[in-house]
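With chain A's structure known, arrange chain B on it following the hints.
Residues per chain, in single letters:
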Amino acid sequence: MNGALQRCAGSRRATLLGIALAALLCGWLLGLDPRRLFADGTLGLAGEFFSAAFRPALSYEDPVPGAQPFLLAALRSLLDTLRFAVLAMAVAVPCGALLSFFASSAWWPDLRRHRALGLALRALHSTSRAAMAFARSIHELLWGLLFITAIGLSSEAAVIAVAIPYSGILAKIYSEMLEEHARDAQEALRSIGAGGLAAFAFGLLPRALPDIVSYTFYRLECALRTAAVFGFIGIETIGYRIRLASDEFHYREIWTYLYLLFALVALIEWWGAAIRRRLKT
Amino acid sequence: MEHAATAPEPGPARVAELRRSRPRSPLLRFSALAGVALLVWAWAAGDIYESHLTAEQKGANLDRFLAKLTPAPVRESGDWSDFAPWAVRLLGEGRGAEAVLLTFALATAAAALSGVFALIFLPGAARNLANPDPLGIRGGRGGLAAAGWHAVSRCTRAFFVFTRSLPEYVLGFLLISVLGPDPWALVLALAVHNFGILGRLGAGVGENTPPGPARPVVAHGGGRLGAYLSALLPASFNRMVVYFFYRWETCVREATVLGMLGVVSLGYLITDAKSGRAFDQMVFFVLLGALIVLAGDLLSALVRRWLRYERT
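If you're matching them up, the sequences are chains A and B in order.
Counting from 1, position 15 in the first sequence corresponds to residue 15 in my numbering; the numbering is continuous, with no gaps.
Counting from 1, position 76 in the second sequence corresponds to residue 76 in my numbering; the numbering is continuous, with no gaps.
Only chain A is shown next, with the shape it has when bound in the complex (with noise of 0.2 Å):
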């Protein structure tokens, strides 16, 4: 028991190390130095930026005549935001869904007697799971920046950027929580002669149901995040508005906007924990 315990302390020390040694060496190799961080220059410039936290703007700091009310203005790109994000959302999520379901094998019947299609259904789950790897492993901006380039800046082309990878993301991560959730419900109603469809969609899908509401919640988060990046390759979300502020120094504008992203994850984050709450009960 005391060899164990310090066998296990010590492994904690030693992954404790590990991690440490080796953020320093990559530390060392970025030419991290930590005193660059506290030169008298850039002391003041962000000591500029972070104190306008304290007053974020109310109206634009070099007022444009016949220009919208800010508060109107970054309200409404705050709404185009949550809208880029839900419409990739609702690209990502059915194509999400349907390549995990084919990337798992719960639903399956029983093989044993059908030698043919347990052959085309190994096939299908390794082609959705190698599309899974192939979209989710290039970054969303990256695809968007291909789609710009091979075609031209549009606001579909962005949508389909987004929800490219996201697919990938939300598939990979629906079919770990199918897998994750007891099968005893689900064996339960195979015995009793469900057929491997009926069985998945009433003994397990229910089950893993919360999970995969949750985690689609916080992917939408996500994409909301992806919407304002993507005002930085053009399309006119609130990140639109952060770089154009950030053009002209305004910084109290900036915090404006962060403020408005922040306050539209909170609502997302709240309105997602109170349905997962529902959901278990």
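Hints may contain errors.
Each pair of labels, with its calculated beta carbon distance range [as the list claims (entries may be wrong)]: (1) A:P206 <-> B:S81: 50 to 60 Å; (2) A:L197 <-> B:A301: 23 to 33 Å; (3) B:G180 <-> A:V64: 22 to 32 Å; (4) B:L302 <-> A:A185: 25 to 35 Å; (5) A:L25 <-> B:W43: 46 to 56 Å; (6) A:F202 <-> B:R24: 11 to 21 Å; (7) B:R95 <-> A:E187: 52 to 62 Å; (8) A:R122 <-> B:I120: 45 to 55 Å; (9) B:P210 <-> A:S11: 13 to 23 Å; (10) B:W43 <-> A:R12: 43 to 53 Å; (11) A:S191 <-> B:K58: 51 to 61 Å; (12) A:E179 <-> B:S81: 42 to 52 Å; (13) A:D33 <-> B:R95: 14 to 24 Å.
To be clear, the hints were calculated from the coordinates, so they are not data collected in a lab.
Ideal Cβ placement from N, Cα and C applies to all residues, glycine included.
Below, chain B without anything else, positioned relative to chain A:
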């Protein structure tokens, strides 16, 4: 036995009764309606960005892109054996290998930094610790102190959500405009966002760890910090490290694009190739990025499995 005697007769009436008494939640109904409304609005409200490109222009763009997609030496000689030397040159002189290394370094440094700060802040967010009665042991102080502890937990949680809501790329852009083109900007951008996520996940782990060994520490006057450091943290160590590697994996993915902001990492080479209209190189580096992400996923999955099965 009485229960069995009063069991209702099966039949349509019973089915209707069961149907009436099924659990119903106004929240779920409202959410479903709101979700549908959100979808309809998102589809119906028109383009977010109005593209001025006609179909022909898009077609021409696509042709130009596809024509330049095969690696330049292969395009000239028509022989795919020229591919390997070209790829090696891109990795060496083209700085591909260096960018791969720096991408991993960026992710690791940022993940470690966010992990350290998350460990420091998470006891403030764990509701079982930041509580007037830590781990269910009566603290014996009322009123103001109790309200204070609830405020600490609320504020730390809000702070986590706030840092989490900041997208890495936007943060990187802002920090570069403040700090200049310095790798610190990208490391901090990744670290701030992941700090929020790791903090929240870690607080959840802390709350779900069985409080058995930690309670005597509090009962003997060890305090909240003592209970956290000596009992809760060691007991939940593996799960914390699992989360760390899970975030490291997403850091690697994000680090591939942060270079688009102009410093180190693969993203820089990709935008550079794009602006030079060298689409073959651009796609090469994008695929190299995909390889990095897959390698990161694989490594992290191996470590997580090892932590789950070997040492629990």
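A quick look at each hint next to the structure:
1. A:P206 <-> B:S81: 50 to 60 Å: Since the Cβ atoms of A:P206 and B:S81 sit about 56 Å apart, the hinted range of 50 to 60 Å holds.
2. A:L197 <-> B:A301: 23 to 33 Å: holds (29 Å)
3. B:G180 <-> A:V64: 22 to 32 Å: Roughly 29 Å apart at Cβ, these two residues keep to the hinted range, so it holds.
4. B:L302 <-> A:A185: 25 to 35 Å: Between B:L302 and A:A185, where Cβ atoms are some 32 Å apart, the hint holds.
5. A:L25 <-> B:W43: 46 to 56 Å: Holds, since A:L25 and B:W43 (Cβ atoms, about 49 Å apart) stay within the stated range.
6. A:F202 <-> B:R24: 11 to 21 Å: holds (20 Å)
7. B:R95 <-> A:E187: 52 to 62 Å: Given range 52 to 62 Å: holds, Cβ gap about 55 Å.
8. A:R122 <-> B:I120: 45 to 55 Å: holds (48 Å)
9. B:P210 <-> A:S11: 13 to 23 Å: The hinted range 13 to 23 Å holds for B:P210 and A:S11, with Cβ atoms some 21 Å apart.
10. B:W43 <-> A:R12: 43 to 53 Å: holds (52 Å)
11. A:S191 <-> B:K58: 51 to 61 Å: holds (56 Å)
12. A:E179 <-> B:S81: 42 to 52 Å: Holds, since A:E179 and B:S81 (Cβ atoms, about 43 Å apart) stay within the stated range.
13. A:D33 <-> B:R95: 14 to 24 Å: Once the Cβ atoms are compared, 22 Å apart, the range 14 to 24 Å for B:R95 and A:D33 holds.
When each numbered hint is compared with the structure, no violation occurs for any of them.
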